[in-house]
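Student: Take a look at the letters that make up each chain.
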Amino acid sequence: MSKSPLSINLCGIEFKNPIITASGTFGYGIEYSRFIDINKLGGISVKGISLKETSGNKMPRIMETNAGMLNAIGLQNVGVEKFIKEKLPILKKYDTKIIVNFWGKSVEEYVEVAKILDNENVDMLEMNISCPNIKEGGIAFGTDPKMTYTVVYETKKAIKNKPLIVKLSPNVTDIKIFGKMAQEAGADAISAINTLLGMAINIETKKPYISNITGGLSGPAIKPVAIRMVYELFKTVDIPIIGIGGIMNYKDVIEFYLAGAKAVQIGTANFVNPEISLKIIDDLEKYMADKNIENITDFTGKVEI
Amino acid sequence: MSKSPLSINLCGIEFKNPIITASGTFGYGIEYSRFIDINKLGGISVKGISLKETSGNKMPRIMETNAGMLNAIGLQNVGVEKFIKEKLPILKKYDTKIIVNFWGKSVEEYVEVAKILDNENVDMLEMNISCPNIKEGGIAFGTDPKMTYTVVYETKKAIKNKPLIVKLSPNVTDIKIFGKMAQEAGADAISAINTLLGMAINIETKKPYISNITGGLSGPAIKPVAIRMVYELFKTVDIPIIGIGGIMNYKDVIEFYLAGAKAVQIGTANFVNPEISLKIIDDLEKYMADKNIENITDFTGKVEI
Amino acid sequence: MKGKVVSNTKLNDKYYLMEIECEEFVNKAKPGHFMMVKAQQYDYLYDPLLRRPFGVCDIERGRFKILYVLIGKGTNLLSQIKINSTIEFSEPLGNTFKYNGGKKVAMVGGGVGIAPLLFLARYLKNQGTEIDLYYGGKTEDDILMIDEFKKYCSHIIVTTENGKVGQKGIVTEPLQKNILQYDKIYACGPKKMLEATTKIAVENKIPIEVSLDERMACGMGACLGCLIYLKNDNGEIEQKRCCVEGPVFDGSKIVWSNQ
Amino acid sequence: MKGKVVSNTKLNDKYYLMEIECEEFVNKAKPGHFMMVKAQQYDYLYDPLLRRPFGVCDIERGRFKILYVLIGKGTNLLSQIKINSTIEFSEPLGNTFKYNGGKKVAMVGGGVGIAPLLFLARYLKNQGTEIDLYYGGKTEDDILMIDEFKKYCSHIIVTTENGKVGQKGIVTEPLQKNILQYDKIYACGPKKMLEATTKIAVENKIPIEVSLDERMACGMGACLGCLIYLKNDNGEIEQKRCCVEGPVFDGSKIVWSNQ
Ligand SMILES: Cc1cc2nc3c(=O)[nH]c(=O)nc-3n(C[C@H](O)[C@H](O)[C@H](O)COP(=O)(O)OP(=O)(O)OC[C@H]3O[C@@H](n4cnc5c(N)ncnc54)[C@H](O)[C@@H]3O)c2cc1C
Ligand SMILES: Cc1cc2nc3c(=O)[nH]c(=O)nc-3n(C[C@H](O)[C@H](O)[C@H](O)COP(=O)(O)OP(=O)(O)OC[C@H]3O[C@@H](n4cnc5c(N)ncnc54)[C@H](O)[C@@H]3O)c2cc1C
Ligand SMILES: Cc1cc2nc3c(=O)[nH]c(=O)nc-3n(C[C@H](O)[C@H](O)[C@H](O)COP(=O)(O)O)c2cc1C
Ligand SMILES: Cc1cc2nc3c(=O)[nH]c(=O)nc-3n(C[C@H](O)[C@H](O)[C@H](O)COP(=O)(O)O)c2cc1C
Ligand code: FES
Ligand code: FES
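Residue numbers (the numbering used here), protein chains in the order written: chain E, 1 to 305; chain C, 306 to 610; chain F, 611 to 869; chain L, 870 to 1128.
It should be emphasised that the hints constitute simulated quantities derived from the structure, not laboratory data.
Given the structure is predicted, the values throughout are model-derived calculations rather than measurements.
Among the clues, some could well be false.
As the list claims (entries may be wrong) - The list that follows gives simulated cross-link-like pairs (lysine-lysine, DSS-like), each with its CA atoms no further than 25 angstroms apart:
| hint | chain 1 | residue 1 | chain 2 | residue 2 |
| --- | --- | --- | --- | --- |
| 1 | E | 291 | C | 512 |
| 2 | E | 16 | E | 3 |
| 3 | C | 512 | F | 638 |
Construct the complete structure from the given sequences, taking the supplied hints into account.
Tutor: This is the structure we're talking about:
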């Protein structure tokens, strides 16, 4: 058994382990390099990139809630050009897979960003159709099945080289429909979930804690919703699912696998402890060895009903 | 100023305070009478009643999650007849408002239960179109705008005496649509939110912690989602909104008021501390006095954007 | 209710014994009762959220004891509580073991299920009942408080699966042999053990009461989260709340397949 | 990083001073640095979830100090931490105050904003700089560690809004009078005070550095939750991360209306 129990193949890309840092919680990867050994990570999904540099929402943008947090960063990013010129070269020095999370305000913008990235030295593209924190685009694409189909279809058609992950919004009545749409439109994988739309009000100032009024809820609080959605998606689609939402430790990872995940992303947990993703990898290795499991994907979808 | 700052009028019914225990978390009121003084409560929303006695889902039915819990009780109840004969007479001895939460598997069942209760000595009816834990009815009515309209319309038409509260599901893409439908169909008030659909898996047994597979997520974890939805509803409807979701203390109550609530319900918190609703009432009284507020409804919808 | 933690002793890697001072609680507690304990010590923190149910292990001089085994968040947090802290808990909840005047009874305990039997033993001994204790564990770590039980029990038969203390095997084996000596059986422990014990009792027409565990949210009958299925005299299955109609049930009525 | 809590002293109803032993941290810390502290002591509990930012108040003999004021969950939980506990925190983060060789400087602190100035004072004094401290508070409770500052400062001018200690009023009033004596101003405190102090400094063409607070999730530049708006030399507004490019900024560049 020379292959590591944690190594996975996601849409043809070999990951040394299934632990990917979630978009928006790990910057461009570079920010954490002073604190942890990036080379140990399975992959990094970078902060959502758009065609043009975007300054995001007004401050304040974050607030802690019970076992979770709200954010309304508003997809601030350096734009695809600067990303390729300034961030990617540094990122590529690390031995980890690079997933570029991206978004647009129109189908055309999604297509254009994807086309540019398709020819760059990155491993996968992750289409964010689910950000609750921008007015145009974002979540609108992710909460209307037809728009989901169109934007995924057009983007997939436009790219040749990279597998396309579609990141779904949990703020929908029936996530299964969106999973199906994404698959039919050509998505190579699904990642789920993005944040739940939430709000918190400061009773002293009477103002929302987040200037954008509402923000995206993440962290352990939302894990049950995420597990349910990954489970529903696994029963619906054939393409691989990347589980996201409130993962804090290796047990949570296994829970996502049982629900149907083939890989996972760690988000808010990185803020709580920058070393958490590495710890999860170590703990999973031990768990696989203890339980004598050949590969972690043996758990995928193996919840017993 | 002889009127208490906490007294409210909800659809013509005078509540001595706006603290109502939420359906399913306070039994038929009687269960807690050994432990706390029921007479101090503004109101009690009883466990969801249906036409016939219902035995609910298989065990296990509950599990704790991070700052929340999942439940899939499956609306177990004694049926409307037994409720009226056995439970209501005891309940009516207390000086508190009785809200009867009810549900059906078809429009006809909703109508029939409502008609029966309309002639009983209860104060308000609360229609649960949002329970995620039963196969037929329940959430199906609450996640399809047309069905929401129909079931509310038919029920409202059939009753003459009691105000009708419609309890909305948070498991929808756009809660505003459902608020509008309920209002147009004749609802006198809205209560929001019911539980979020969630799931948790035991990684040792590989089985879901809840035999029903999925369950409803409640508790502090969901408060930001609830606040957001109450805020959205307040901007959309003119009828009063009863805020529910993760309230643990008087500050949470004020937060719901600022978002748009005219009354609130306390759910999971009753499990954490059976005296919590009384403590919240005391604390609110102090807060009103300290801040010299004439009536708590002065806060309704007063979030400053 | 509130009480002062007088001791919180690590017995071994799995078990702790906590002693809490609270006159009011002690005055109300009867063998079989449990209480809901707030593991989270700060009212402003919500993880863990719910209270945790524990049986009354014993009472003595204004204090009650909880014997607990480390499982997850709640019990781990309890194990961190410092002596002299104040802790919150409900009053004694649920029903109690019944004493029907039998002359000689067997108590069957498995693992942490031994907890409520100590209080029961003290009580039965006071009534002049003779008690034999059958006490099973996986390993020697599961065998606790033998000295306490010695005060009340005529015979103590210990079994462990690894055979390190007592007889090697499971506790129903010696019970089976002696069963006809007893007027009544009281049991608490893992479900499999309780089912097997009940089978022996029923086969020999000996009354049996068992104390059951279920996940609980409220502990006071409101949430309907803790059901136990009983077969009534007409053969119909009835739902009972473990927290109100239990935790002690007539073993012969329990529908084991549903538990 | 981890360290041992050597003391955690209640100074008054609002303020606590915690001393933590950690050679590694102390060796890296410079005046202006902050660190993210894990208030929740159990890895398996998620409320409070995020770490909390605090300035390095002082370092001495392998220990560093945090002066903190009780606000909410995190700080209340910190205040409960027992001596000799191990506590987790990040390494020293952010940028530092700059020392430009001035002969005489003013430090302006408000409330808990005094915290990072103590470390700075120690450092500047070592460089041979003369320091005047302007220290404002709402009440006498906000005036702390005067004895410590006395070691490094030539003059200490205290103001409180209620006038119970020092002069009655706000700290910018005495500063305004003496402003021309100083080569540089360092300030930390409530935003209104910082804005007013900056105005005085800029009007008198005196360089000013201020340390700012923003809510932080990561503290290491990844979440973009902690932005500060600066006006650059071309008059364009730039976004800077308080946790990486800050917390110390050239006061004259801060766009106060956006903070
Ligand atoms: C009537 C009654 C009496 C009990 N008496 C004792 C006793 O004397 N000593 C003792 O050690 N244990 C006893 N238990 C079991 C004890 O309640 C659980 O071990 C404890 O709740 C585990 O909590 P945790 O947070 O450590 O575990 P977690 O697994 O983190 O708990 C998660 C959730 O599951 C519930 N849960 C987990 N295990 C059990 C269980 N076995 N029974 C019921 N709920 C569970 C918890 O209450 C909580 O809601 C009793 C249970 C009941 C119902
Ligand atoms: C660089 C920096 C240095 C600081 N140095 C100190 C110091 O030396 N002493 C001190 O007492 N305080 C300091 N603060 C403020 C301190 O971080 C907050 O008081 C603390 O986070 C409050 O946490 P809480 O859980 O008690 O409050 P809660 O209100 O419960 O916190 C809720 C959330 O809001 C955030 N928050 C609340 N108040 C503030 C604030 N003023 N600034 C930033 N985030 C806040 C919390 O971090 C948390 O995420 C500093 C802040 C920053 C950014
Ligand atoms: C501060 C912050 C910024 C985020 N930015 C993005 C983003 O740019 N693109 C995206 O697809 N998701 C973004 N997310 C969502 C996360 O990638 C993840 O889906 C979500 O936080 C749930 O996972 P968690 O609970 O582990 O954090 C962001 C989340 C946070 C907390
Ligand atoms: C155990 C349990 C049972 C419930 N049963 C019902 C019910 O019968 N009818 C209903 O409308 N809501 C029911 N609910 C939902 C609550 O009334 C409430 O809407 C929800 O729990 C959110 O509030 P909370 O976070 O304060 O608990 C139930 C909730 C719980 C936890
Ligand atoms: S625990 Fe709630 S009814 Fe038994
Ligand atoms: S706190 Fe995350 S970028 Fe500054």
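Student: Is it true that the CA of residue 16/E sits at most 25 angstroms from the CA of residue 3/E?
Tutor: 9 angstroms, holds
Student: Would you mind confirming whether the straight-line C-alpha gap from residue 512/C to residue 638/F stays at or under 25 angstroms?
Tutor: 39 angstroms, violated
Student: Compare the distance between the alpha carbons of residue 291/E and residue 512/C with 25 angstroms, and conclude whether the hinted pair is satisfied.
Tutor: The given pair, whose Cα atoms are some 17 angstroms apart, holds under the 25 angstroms limit.
Checked against the numbered hints listed earlier, the structure breaks hint 3 alone; every other hint is satisfied.
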